[in-house]
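*Asks:* Single-letter residue listing:
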Amino acid sequence: MDKKKLIAASAAGVMLIAVSAAVAYFTDSDTKTNVFTVGNVDLELREENFTGGQLARADIRLSKDPKVKNTGKNDEFVFLEVKVPKGEVTLLENGVPAGPKAPRELFGFYAGSSGTAVSGSDNFSYRAAVENDGWVFLSRTESSDSASYVFGYSSKISPGDETVCLFDEFALRSFIEEEVPGGSELTVPVNAYGIQADSISGVSGLPDDGSGLTVQNLKDIFDICLNKQN
Amino acid sequence: MKKRKVFTGSAVLLAVLAAAGGIMAYLGASDDAENTVEVAHDKIAVTENFPKPSDLESNANNYYTKEVGIANTGNVDCYVRVYADLPDSAAAAESFYSADGVNYYSAVRDAGLSADTSSEDNGKIIHTQSFVNMLNSQDGDWIFVPDDDSSEKLRGYYYYKKPVKVGEKTADLFKSVMIHTGDAPEAADLTVYAESVDCVYEENGQEKTYADYAAAWNGFLS
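Taken in order, these protein sequences are the chains called A and B. If you read the first sequence in numbering that gives the first Met the number 0, its first letter stands for residue 0, the second for the next number, and so on. If you read the second sequence in numbering that gives the first Met the number 0, its first letter stands for residue 0, the second for the next number, and so on.
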């Protein structure tokens, strides 16, 4: 360090000491709240035609129309997860046993005449994507007491917009009376997830316009979404 | 002192950066709905007021209280029907049912027993007419479908014409029974058995309501 720099550093040190001393004697405070708008992702799971606590009778369809509304400020990719309770029952077809008593999903889901059956399922029909508007089936996992279906929406959802409903109706399946005790309460939980549509990384082949998402696109995004939830 | 302030400042800065990092990772949201439904079931119970009967006296009209009704203990409105009979035809021929505790009609299910004559017994009126014919001649809550009715599946039962609402019960089918005995009375059995059917049925996935008891039972038994 040359002599000039040494002098300058010494002077700065003296000033800092002087300022510290000043702060020690003259106190003051001030507060400013700085608001940074960094975006907002929010959603609402809507089931406009479902009424809780209804009686479920075999094969009589009850309205249930889950869909997702983007209530945030950013475009979102959205997902729905439906958990179907299982029970040890003997399913009936036209009033006669259709197979042995076994753990079975207790409800069927219907999406009108244009519904698409989940591959390999005899009880789950949904509104599949048509021209980038609809749901894409991603997975079905099973536990001892329920089966979980996950669907992703084929396009990003803009703020204020909503998806089409995943299905329209559901019904208790027909099985031998009292295999599930009458009066039992059964729940069919539905979970909705959303994640920002912009700047998602680690998803290969993601369309720039956020529409026409493939099964793999949506699975990758859902993994990110779940990791965030967890 | 100054060093501590710097350290504190660094800690705050790190916290701010960490928070910002969380926000910048991804923005997400979730919502859920617990959708609960209750499994429907039509369930009934025979409700009887039947005090322990005394032994039959010989050569007498033996009167017993036997109030038979059906309670809806399920969670749906339902139609009910009852089978009630004395399996021993000899005992049936000497037995009488009363819907009001005063008038007693023959327990024999015979369409031929439509004419009626009556006699009085200590304030009770004993009719020769069959109980089922008396029932069907009145526009009451119960009706009996005779064994020769065209609706084969409905034959032999007493039907409650109105739906029985959840938590309610039918009017009593009987209130009392009289058994006439001879020199050597024998025990008599009266069998009462009830069934129910939901007032609602499924048609093409939709909920429909049966028009009446006959439609309900014909639909259920078809």
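To be clear, the hints were calculated from the coordinates, so they are not data collected in a lab. Any given hint could be a false lead.
Said to hold, decoys possible - Once the Cα atoms are required to be at most 27 angstroms apart in a straight line, the calculated DSSO-like pairs of lysine-lysine come out as: (1) B:174 to B:164; (2) A:100 to B:42; (3) B:123 to B:207; (4) A:100 to A:85; (5) A:85 to B:174; (6) B:51 to B:152.
Stated by the list, open to error - Residues of chain A placed beyond 10 angstroms of chain B at every Cβ, according to the derived structure: (7) 135; (8) 159; (9) 184.
Note that CB positions come from ideal geometry on N, CA and C, so glycine has one too.
*Asks:* Going by Cβ atoms, does residue 184 of chain A stay more than 10 angstroms from chain B at every point?
*Replies:* Contrary to the label, residue 184 of chain A does not stay out of reach of chain B, its closest Cβ about 5 angstroms off (not over 10 angstroms).
*Asks:* Quick one: work out the minimum CB distance from residue 159 of chain A to chain B and report holds if it exceeds 10 angstroms, violated otherwise.
*Replies:* 15 angstroms, holds
*Asks:* For a C-alpha distance cap of 27 angstroms, please report whether residue 174 of chain B and residue 164 of chain B respect it.
*Replies:* The hint holds at about 22 angstroms.
*Asks:* Run the distance test for residue 85 of chain A versus residue 174 of chain B: straight-line Cα separation, threshold 27 angstroms.
*Replies:* 46 angstroms, violated
*Asks:* Against chain B, does residue 135 of chain A hold up as non-interface, every C-beta pair farther apart than 10 angstroms?
*Replies:* Holds, since 19 angstroms exceeds 10 angstroms.
*Asks:* Hey, residue 123 of chain B versus residue 207 of chain B, does the alpha-carbon distance stay inside 27 angstroms?
*Replies:* 46 angstroms, violated
*Asks:* Decide if the proposed pair is consistent with the structure: residue 100 of chain A and residue 42 of chain B, CA atoms, cutoff 27 angstroms inclusive.
*Replies:* Holds: residue 100 of chain A and residue 42 of chain B sit about 23 angstroms apart, inside 27 angstroms.
*Asks:* Can you confirm whether the C-alpha distance between residue 51 of chain B and residue 152 of chain B stays at or below 27 angstroms?
*Replies:* 35 angstroms, violated
*Asks:* CA of residue 100 of chain A to CA of residue 85 of chain A, is that 27 angstroms or under?
*Replies:* Cα-Cα ~12 angstroms, so holds.
When the structure is compared with the earlier hints, violations turn up for hints 3, 5, 6 and 9 and for no others.
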